[in-house]
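S.K.: Protein chains in written order, with my numbering: chain A, 1 to 491; chain B, 1 to 491.
Hint data in this document are derived by calculation from the structure and do not stem from the laboratory.
Just so you know, not all the hints are guaranteed correct.
Pairs of lysine-lysine, DSSO-like flavour, derived with a Cα cap of 30 Å [as the list claims (entries may be wrong)]:
no., chain 1, residue 1, chain 2, residue 2
1, B, Lys57, A, Lys22
2, A, Lys344, A, Lys370
3, B, Lys54, A, Lys47
4, B, Lys47, B, Lys250
5, B, Lys98, A, Lys457
Output of the computed footprint for chain A on chain B, the stretches with three or more beta carbons under 8 Å from beta carbons of chain A [said to hold, decoys possible]:
no., stretch
6, 64-72
7, 90-98
8, 105-119
9, 146-156
From the three backbone atoms N, C-alpha and C, an ideal C-beta is built for every residue, glycine too.
2 protein chains.
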Amino acid sequence: MAKEITTRGDNYSQWYLDLVNKADLAENSAVRGCMVIKPYGYAIWEKMQAQLDKMFKETGHVNAYFPLFIPKSFFSREAAHVEGFAKECAVVTHYRLKNDPDGKGVVVDPEAKLEEELIIRPTSETIIWNTYRNWIQSHRDLPILINQWANVVRWEMRTRLFLRTAEFLWQEGHTAHATREEAVEETLKIINLYADFAEKFMGIPVIKGIKSENERFAGAVETYCIEGLMQDGKALQCGTSHFLGQNFAKAFDVMFSNREGVLEHVWATSWGVSTRLMGALVMAHSDDNGLVLPPNLAPIQVVIVPIYKNKEELDRVSAVADQIIPQLKARGISVKYDDNDNKKPGWKFAEYELKGVPVRLAMGPRDLEKGTVEVARRDTLTKEVLPVEGIDEVIEKLLADIQENIFRKATAFRDENIRKADTWEEFKTLLTEKGGFISAHWDGTPETEARIKEETKATIRCIPLDAEPEEGLCIYSGQPSAQRVLFAIAY
Amino acid sequence: MAKEITTRGDNYSQWYLDLVNKADLAENSAVRGCMVIKPYGYAIWEKMQAQLDKMFKETGHVNAYFPLFIPKSFFSREAAHVEGFAKECAVVTHYRLKNDPDGKGVVVDPEAKLEEELIIRPTSETIIWNTYRNWIQSHRDLPILINQWANVVRWEMRTRLFLRTAEFLWQEGHTAHATREEAVEETLKIINLYADFAEKFMGIPVIKGIKSENERFAGAVETYCIEGLMQDGKALQCGTSHFLGQNFAKAFDVMFSNREGVLEHVWATSWGVSTRLMGALVMAHSDDNGLVLPPNLAPIQVVIVPIYKNKEELDRVSAVADQIIPQLKARGISVKYDDNDNKKPGWKFAEYELKGVPVRLAMGPRDLEKGTVEVARRDTLTKEVLPVEGIDEVIEKLLADIQENIFRKATAFRDENIRKADTWEEFKTLLTEKGGFISAHWDGTPETEARIKEETKATIRCIPLDAEPEEGLCIYSGQPSAQRVLFAIAY
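Sequences and hints are given; from them, build the entire structure.
M.R.: Pasting the structure below:
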């Protein structure tokens with residue numbers, strides 16, 4: 001191996017951090033809790049952004065940009081929201097530095113104190129609904145379907161690259177509607193869009209559901225989510241879509257005259273996914289050799305490594321590569337030819353395995369004689385020797401096959417790791433010995449959920465949208481329950 | 001007119017603000033100095049971003065992301081930099097709010113004071129070079145060619161939408177090189193790239209030059225810039241590319257071992273353009289009817305407005321539109337069909353003029369009989385009636401023609417407004433009566449430049465790269481000068 005990484009079996013958590021660091025995805029910065037997203041990691045994020053942005057636009061959304069700062073008083077307007085978001089946040093109190101009178105660098109200028117402190121946005125409902133007030137008068141101004149790509153800050157005490165950082169990148173959609181039905185429809189449309197993205201692009205099967213009250217977004221009437229399962233049996237929330245009712249319209253006094261000319265409060269949704277998805281992508285598919293990237297999000301889909309002893313051999317291999325590369329590019333496949341002379345082929349093989357490049361082609365003098373190329377796939381680590389003739393078509397199919405296989409494998413793993421528990425003992429044993437999702441009856445109260453969390457660290461990940469009604473008794477309290485919900489220990 | 005806008009002749013500055021507001025580009029937010037970029041304005045910015053990003057990648061650059069926060073002490077490391085940037089900035093001093101003991105909302109928790117204050121980045125040289133220290137050991141790690149798309153904050157006292165705002169969006173490139181020559185080459189490569197973008201996409205002719213010491217970036221050895229001229233005769237800096245020498249490498253202790261194994265400090269460049277370009281775009285081309293957008297950056301390139309009296313007529317017009325639209329789209333032309341029944345055609349005509357849509361097609365029953373369509377171009381406000389047959393090809397050529405015409409017109413205006421002054425009286429008269437660029441001799445001292453600025457508000461916009469050497473006497477001091485420089489009053 002080019003770079004040592006801890007194995008999953010040894011220490012899953014360290015394996016994750018090793019991968020993120022050594023595959024050049026991200027690293028910790030000099031600012032506590034904030035990360036540097038390195039070029040290779042950022043290239044994956046750009047692919048995610050491009051695809052999501054396309055899907056948002058295809059469903060009628062447009063992008064805009066709202067301020068980074070939110071006046072402190074805005075948070076107090078929505079009672080639940082302030083409890084959830086205004087506490088652990090970055091507060092701007094001054095707007096100037098001055099030279100230290102003692103001659104040691106710069107100090108905050110006490111005379112440049114803001115009248116009202118500004119909060120770095122942890123989420124933008126407040127500033128956006130304050131703006132919407134001026135944009136909405138009539139039902140003709142609705143719906144507003146806006147998305148924003150932005151950075152946000154939440155002052156997390158325990159951070160982990162991508163999964164939980166003080167600053168992170170995300171998109172936040174904020175829509176305004178004339179009716180409750182339309183807003184609920186939008187909320188559902190987006191959670192379905194997120195699920196499609198997770199499954200078709202990230203290769204991660206997700207369960208769509210509704211959050212319990214304890215896990216609901218602060219200020220929402222209902223939070224929909226998609227939940228994925230990582231290889232260590234922990235769940236990871238991959239995206240949320242909130243039906244906000246009229247809460248923010250009431251807090252910011254946003255009203256419209258309906259078709260009958262009567263004033264009503266506007267209905268709202270908000271929804272987002274973040275760079276946290278990078279963490280999910282790493283943890284869902286990768287192995288002890290490194291990243292396994294789904295071809296649909298891989299910055300480099302195919303790498304070609306020449307095997308040669310001298311300049312003459314390299315030239316001959318390069319001549320064949322020069323034929324293959326344009327054929328692959330014509331099919332929209334991103335390809336890198338690595339003829340760097342400073343590294344040996346073995347080092348390169350390990351490096352591109354670490355980086356999760358889906359397909360590796362290796363070509364040496366013997367291949368040239370036979371008109372063949374060695375094709376290695378990252379997901380199965382299998383190799384075969386194939387004719388150069390027609391290789392572009394073969395690789396296009398192979399990439400589709402890898403994409404599908406990654407999803408199939410993750411789905412099989414996820415399905416094996418949803419287990420029913422019907423008693424409290426069974427629940428605790430499953431959780432300790434197997435992990436994964438546990439489908440169990442719950443009495444519907446926040447108190448029970450809180451006690452289960454306290455005793456086991458497991459939370460209700462969601463009430464699945466497709467769950468069948470089933471009469472039962474709460475595993476914890478023994479009270480009646482109308483359907484099973486999914487518990488798990490979560491990131 | 002659908003919405004009244006001030007004319008340029010009446011009040012240029014108000015005309016600009018009217019356009020930005022009424023064409024739905026941006027508006028002031030509840031946070032002093034921060035703007036909301038509205039969907040139509042953001043769509044133009046997205047087109048700028050996409051094109052620039054493509055050009056950066058074609059020249060070997062990759063994107064990454066660095067933290068929003070910079071520890072205060074980082075600024076003190078580079079002496080010139082701290083003077084230029086660390087003064088008017090947003091300072092984060094606390095990381096928590098708590099419920100007001102008096103029960104009135106939330107207050108800053110005095111116990112959550114940061115040990116070291118964090119500055120919201122006004123530019124990222126310091127945090128990036130602090131990071132590069134760990135990325136660079138050998139000449140093999142160079143060059144690093146990284147760009148970042150980000151928001152930055154500079155606490156401006158007098159703000160104006162897009163032109164000067166406390167928070168703005170930009171890209172900042174930060175490259176690291178093994179030699180001075182390579183870094184200078186990069187600096188020039190980028191200023192040429194910016195000039196190409198300004199001219200071919202924004203339709204704005206720019207003068208490439210070097211900044212005088214007074215106008216140089218704080219921390220740079222040399223600042224290259226592109227300067228455009230607005231219709232009121234004021235100059236606007238459209239982009240800068242800085243050769244930073246080894247200043248930041250020395251400040252952050254970034255060294256590499258060269259091919260001979262000797263340790264050296266790394267050479268640096270940084271370069272950026274921002275949402276300020278939106279202001280330039282508006283001011284360079286628009287007229288008293290509204291925006292005039294170059295087709296290469298117009299979110300909607302063609303709008304089709306049906307003219308009809310009843311549903312039957314509308315259906316017939318729509319049937320023809322349904323033929324034209326896919327033909328236009330197949331040529332990569334973005335088109336909007338506006339059959340909104342709430343607005344009259346006249347209102348729509350004025351609205352799309354205001355929004356700067358380059359081409360408007362209008363079709364009514366009489367056109368259907370004759371197989372024609374009325375084609376109006378925004379730049380010249382001329383109309384002609386043309387056959388529907390083959391209209392897609394005609395429009396494709398027309399869009400190219402409009403793009404070229406906008407650039408030609410702006411170039412003619414700019415060229416007419418570069419004037420030579422050989423005496424101080426002449427200089428002052430030209431500045432007051434004509435504005436524009438004044439080409440004049442200068443003795444090369446910061447003191448003279450400062451005095452000229454004090455007396456006339458004019459600054460040296462640049463020392464043009466293509467200027468011919470010419471012996472002369474400084475218009476202000478009478479001291480010898482080796483070449484003319486360009487003065488102007490600037491935004």
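S.K.: Take the hints in turn and mark each one as holding or not.
M.R.: Quick rundown of the hints versus the structure:
| no. | hint | verdict |
| --- | --- | --- |
| 1 | B:Lys57 with A:Lys22 | holds (24 Å) |
| 2 | A:Lys344 with A:Lys370 | holds (23 Å) |
| 3 | B:Lys54 with A:Lys47 | holds (14 Å) |
| 4 | B:Lys47 with B:Lys250 | violated (38 Å) |
| 5 | B:Lys98 with A:Lys457 | holds (27 Å) |
| 6 | 64-72 | holds (count 9) |
| 7 | 90-98 | holds (count 9) |
| 8 | 105-119 | holds (count 6) |
| 9 | 146-156 | holds (count 5) |
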